[in-house]
Amino acid sequence: MVSLLHKGKNLPRDLDKNYRPISVTATEFRILGRCIHQHLATFIRHLIGETQLGFVPGCRIDENILALTELANFCDSDDSRGGIFVMLDNAKAYDIIWPSTMALPTKIVKSISILSTLPLPHRDALYRHIVITQSQWPHWSPLSHPK
Amino acid sequence: MIRNDTTIKGIPIPTQEGEFSDSAHSKMRERAFADDTGVALASDASLNRLFEIADQYPLGSGSKQQIEKTVGIRFGSASNITPPPDHSFTWYRYGIDPIPSQHKYLGISAGTPDQISAQWQAKLNALEAELDRALLSSKIPRTVFGRSLWVKNYFAAKVWYTFRFQKPSASEHS
Chain W
1155 MVSLLHKGKN
1165 LPRDLDKNYR
1175 PISVTATEFR
1185 ILGRCIHQHL
1195 ATFIRHLIGE
1205 TQLGFVPGCR
1215 IDENILALTE
1225 LANFCDSDDS
1235 RGGIFVMLDN
1245 AKAYDIIWPS
1255 TMALPTKIVK
1265 SISILSTLPL
1275 PHRDALYRHI
1285 VITQSQWPHW
1295 SPLSHPK
Chain V
24 MIRNDTTIKG
34 IPIPTQEGEF
44 SDSAHSKMRE
54 RAFADDTGVA
64 LASDASLNRL
74 FEIADQYPLG
84 SGSKQQIEKT
94 VGIRFGSASN
104 ITPPPDHSFT
114 WYRYGIDPIP
124 SQHKYLGISA
134 GTPDQISAQW
144 QAKLNALEAE
154 LDRALLSSKI
164 PRTVFGRSLW
174 VKNYFAAKVW
184 YTFRFQKPSA
194 SEHS
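Respectively, the protein sequence lines represent chains W and V. Residues in the first sequence are numbered consecutively from 1155, following our numbering. Residues in the second sequence are numbered consecutively from 24, following our numbering.
Derived from the structure by calculation, the hints contain no laboratory data. Treat each hint with caution, since some may be false.
Only some residues are given here: those of chain V computed to face chain W with a beta carbon under 7 Å [as the list claims (entries may be wrong)]: (1) Ala65; (2) Gly99; (3) Leu154.
Straight line, CA to CA, 27 Å or less: simulated DSSO-like cross-link-like pairs of lysine-lysine [unchecked claim]: (4) Lys181(V) to Lys1161(W); (5) Lys87(V) to Lys1163(W); (6) Lys1161(W) to Lys146(V); (7) Lys175(V) to Lys1163(W).
Residues of chain V placed beyond 12 Å of chain W at every Cβ, according to the derived structure [said to hold, decoys possible]: (8) Glu42; (9) Gln125; (10) Gly169; (11) Lys181.
C-beta: ideal position from N, C-alpha, C; glycine also.
The whole structure should be built from the sequences, with the hints applied where relevant.
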C-alpha cells in the first residue's frame, strides 16, 4: 500500500506533486531487497560516475558540502580567483508522484514478492546470477570496499 | 554527459603542495548527490554548453530540468561580473547576497554570515522553547542519564546536521 506524505512548508495540498509516496513493506520484501542491495553495492561504483555520491557505499553527503564550502573560501581568498556554482533543479527524479511512473515500482514490488515465494534453490540461482554479473569487474574486490 | 564534456571548464584547485595542473582531478566541476547536481564553472563561458546538456538529458532520462528553479552562486572575482542575460535563473554573490532558505545546497545555506547567524539563533530559540515545554509538561525523563539522552537525541535530530558544516558564533553558543 502506498501512502502520500505531504512535503510540508506552505505548499498547496491540492497538488499531487507536493506529496511523497511512502509504503510499508513486508518483512520478506525488506530482507530480499537488502540482499540485492548488498550484492549491487559491491560493484555499483563502476556503474556510476565517481562524482555521484548518492547511495554509494563509503560515500557521504558531507563531501559535496565541504567541497562547495572549500571552493567558495578558496575563490574568495584571492582577488584573482573566481568561479560560479550552478545548482541544477532535477524534478521528477525520485520524490514526486506521476501516475505513468507508478507502474514501475509496483512491478518491482510484485517481482520481489514472487521471489520470496520461490523455493530456495531458485533463489540461490538468482543470487549466483548477481554474483556472476559482479565478476564482470574482476579488478574490483568487494573485500577492499568499506562495509 | 557533463562529466564527459571537455568544453565545460571547471574551477582549478591546487594540490596539497599548492600547485596547479591540467589533470581532470585538479579541477572541481560536477558534484552530485542523487538528484542534487551542482556544477562548478571557471567562468560564464561554459554556461551555454551546460544548459544544452541540461536540455538534452531529460530526453533520455525521463527527468525534468526546471531552469526557472536553477540557482547560481558567484564566487570571488566572478561576483563583480554581471551574469549573462540569456540565463534568466537566480544569481547570488557568495557572502554578499542573502540566499533564501529554499535555495540551500543539500540542506545547507551558503548565505551571508548575518543570515547564517540568524538561522542559528532561530534554531537555538526553537531548541530552548522545546526544552521549556518538555520541562513544564514533565515529558522528559527524571534521571540525569535519561535527560542527557533526551537532550542528545533532540539535538541530534534538530541541529547536528547543520552543526557539522556551520558553527554558531561565540555569542550564540553562549
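Taking the hints in turn, this is what the structure says about them:
no.	hint	in the structure
1	Ala65	holds (6 Å)
2	Gly99	holds (4 Å)
3	Leu154	violated (23 Å)
4	Lys181(V) to Lys1161(W)	holds (17 Å)
5	Lys87(V) to Lys1163(W)	holds (22 Å)
6	Lys1161(W) to Lys146(V)	holds (20 Å)
7	Lys175(V) to Lys1163(W)	holds (26 Å)
8	Glu42	holds (14 Å)
9	Gln125	violated (8 Å)
10	Gly169	holds (30 Å)
11	Lys181	holds (15 Å)
Of the numbered hints listed earlier, those contradicted by the structure are 3, 9.
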